[in-house]
Amino acid sequence: MPKNIKEAHKHLIDGDFSSEELTKECLKIIKEKNKNINAYLEVFEKSALKQADEADKKIKEGNCTELTGIPLAIKDNILIKGKKVSAGSKILEGYTATYDATVIEKLKNAGAVFLGRTNMDEFAMGSSTETSAFGVTRNPLDTERVPGGSSGGSASAVAMNSCLGALGSDTAGSIRQPSSFCGLVGLKPTYGSVSRNGLIALGSSLDVIGPIAKTVSDVEIIFNIIKGKDELDSTSISQNHKISKSQNQEEKTIGVPSFVNEIDGLDNFTKNNFNESVKKLEKLGYKIKEISLPNIKYAVPAYYIFLPAEASANLARFDGVRYGLHENGKNGIDDYFKTRGAGFGKEVRRRIIIGTYVLSAGYYDAYYNKAQTVRELIKKDFEEAFKEVDAIITPTTTGPAFKIGEKINDPIKMYLEDIFTGPANHAGLPAISIPSNKKPDGNFESGLPLGLQIIASHTREDVLFEISKNFLGEK
Amino acid sequence: MILNEELKKLSKLARIEISEEELGGLGKDINSILDYIGQITQINPSTTELYSGYGAGADKNLRNVMREDENPHEGGEFSDDLLNEAPNKENKYVKVKKIL
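Chains as they are written, first to last, in the numbering used here: chain D, 767 to 1241; chain B, 1123 to 1222.
Because the hints were derived from the structure by calculation, they are not lab data. Where hints are given, some of them may not hold.
Facing chain B, from chain D, some residues (calculated, C-beta under 7 Å) [said to hold, decoys possible]:
1. Thr864
2. Arg1115
3. Asn1175
4. Pro1177
Listed below are the simulated DSSO-like cross-link pairs for lysine-lysine, each with C-alpha atoms no more than 30 Å apart in a straight line [claimed, not checked]:
5. B:Lys1219 - D:Lys856
6. B:Lys1130 - D:Lys1173
7. B:Lys1211 - D:Lys776
8. D:Lys812 - B:Lys1130
9. B:Lys1211 - D:Lys1096
10. D:Lys797 - D:Lys776
11. B:Lys1217 - D:Lys1104
12. D:Lys1112 - B:Lys1131
13. B:Lys1220 - D:Lys1205
14. B:Lys1131 - D:Lys1153
15. D:Lys1179 - D:Lys1063
16. D:Lys847 - B:Lys1130
Computed from the model, here is a short list of chain B residues facing chain D with C-beta under 10 Å [unchecked claim]:
17. Met1123
18. Ile1124
19. Leu1125
20. Ile1138
21. Lys1214
22. Val1216
Given the structure is predicted, the values throughout are model-derived calculations rather than measurements. Backbone N, C-alpha and C fix where the C-beta goes; we use that ideal spot for every residue, glycine too.
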């Protein structure tokens, strides 16, 4: 198994092995490991081999991209025509996608191979992949622990070496937190830079699709293929600004928010590791500046107001009439109650009820409008900060991967997993998580991986890639 | 603090059947979440900062994205695929229980 996409691409071009051989190797690993890890809900053996065969032809013709013949795993909330897709929920039972998501179309055009769909928290509501209707996914680095979530299946699939990269989606940290827990690189792109067409919606003003892989270069390769303006997503944007060389060579300033060291529940190991990362960046030649983001303390409570509000509206479409599960009731209306009662799991019901509550007439101003105000204030905090710095760093999470079952019965504890990652979604900013305690031998200092989050201003993924590569010593 | 009666009303609005046994646990969870998110009702931003929706005073970066209403796809092009997903159908229709 090659170590990363860049390396695999070179071997494919040089003819050291074919995409068919590579895909077969991945399928073999999935057969061995998936029973225990539960990263994949379904494996597309037949179609993957067919795609690999087509990719091999393209490679022979010399007509290929860096992703041609590269086996990838896809989160179970991204539509692939003719394949089942469930968003980790029973309510989509029996549903087969009738079209390709824009990102899938782009990856198909690039010649990528889809190995299967990966497990996730139901409708991406969770931070541990424990709320999936199809069982928990285990962290391949320590099977007693969660892989994070909601894109836990995608992160586990990469971490168990069964694929070279994966797509996830991120609404408040669902790409970055599992990447951190599994020792990987995960990118939450600028809101709108990747089309949401064909992504099953959670919070439409926050959702974005992004890559999880082993190296920064790999994440960059996937991002460059999937990004772009799309007529089918009117919130999508093009990233066609040119970055001049001179600007790139200037010394960059990195902001360290003062709130990081004030957070309760940040364990010492994480705190020390973060402070070491700051020193490392300083040694690499970056200027470090303390910044204040005064309203960030309200980010999580605000999120758990406007996210359920958006989700309760988005999930109204699951009614048992047009697709998915149908449960019979006394009459038409009762069909809805029965179907939604049987199809939605515990966390989804909680959020729909909260969303309904905060949007109801008497509470709209007290909750929803206040939360939107907070969101505007947080956006302004970032705008002010980016006048002085090129990037902002925080730990990705308050600690390493937690044990399965540790937080699932305490919703607030689970919600606090978003404390560092959520704010970038509020403001639509690009953010990346990279392993911060990886040793040269590939193992992690003190055992479990930790993540460093880097946030940049809108459409400045290039800044994230540059700092990340320097930090990890990637060429 | 949400009581069971209000919870029942909300589940009705959200069209989710919730059993009597589930109400207690759900109520407890929801009340602890509301306690937590309630801290937001304490902050007092100045009126100029108060979110004003998408009307006057809204974020200047917001703009409408329009397109011409043209080039429709062939009629019926997707009908079979979409109808095949419906749990109940008859001929070219999605079937539901009678409404009146």
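Against which earlier hints does the structure fall short, listed by number upward?
Failing hints, ascending: 3, 7, 8, 13, 14, 16, 17, 19, 21.
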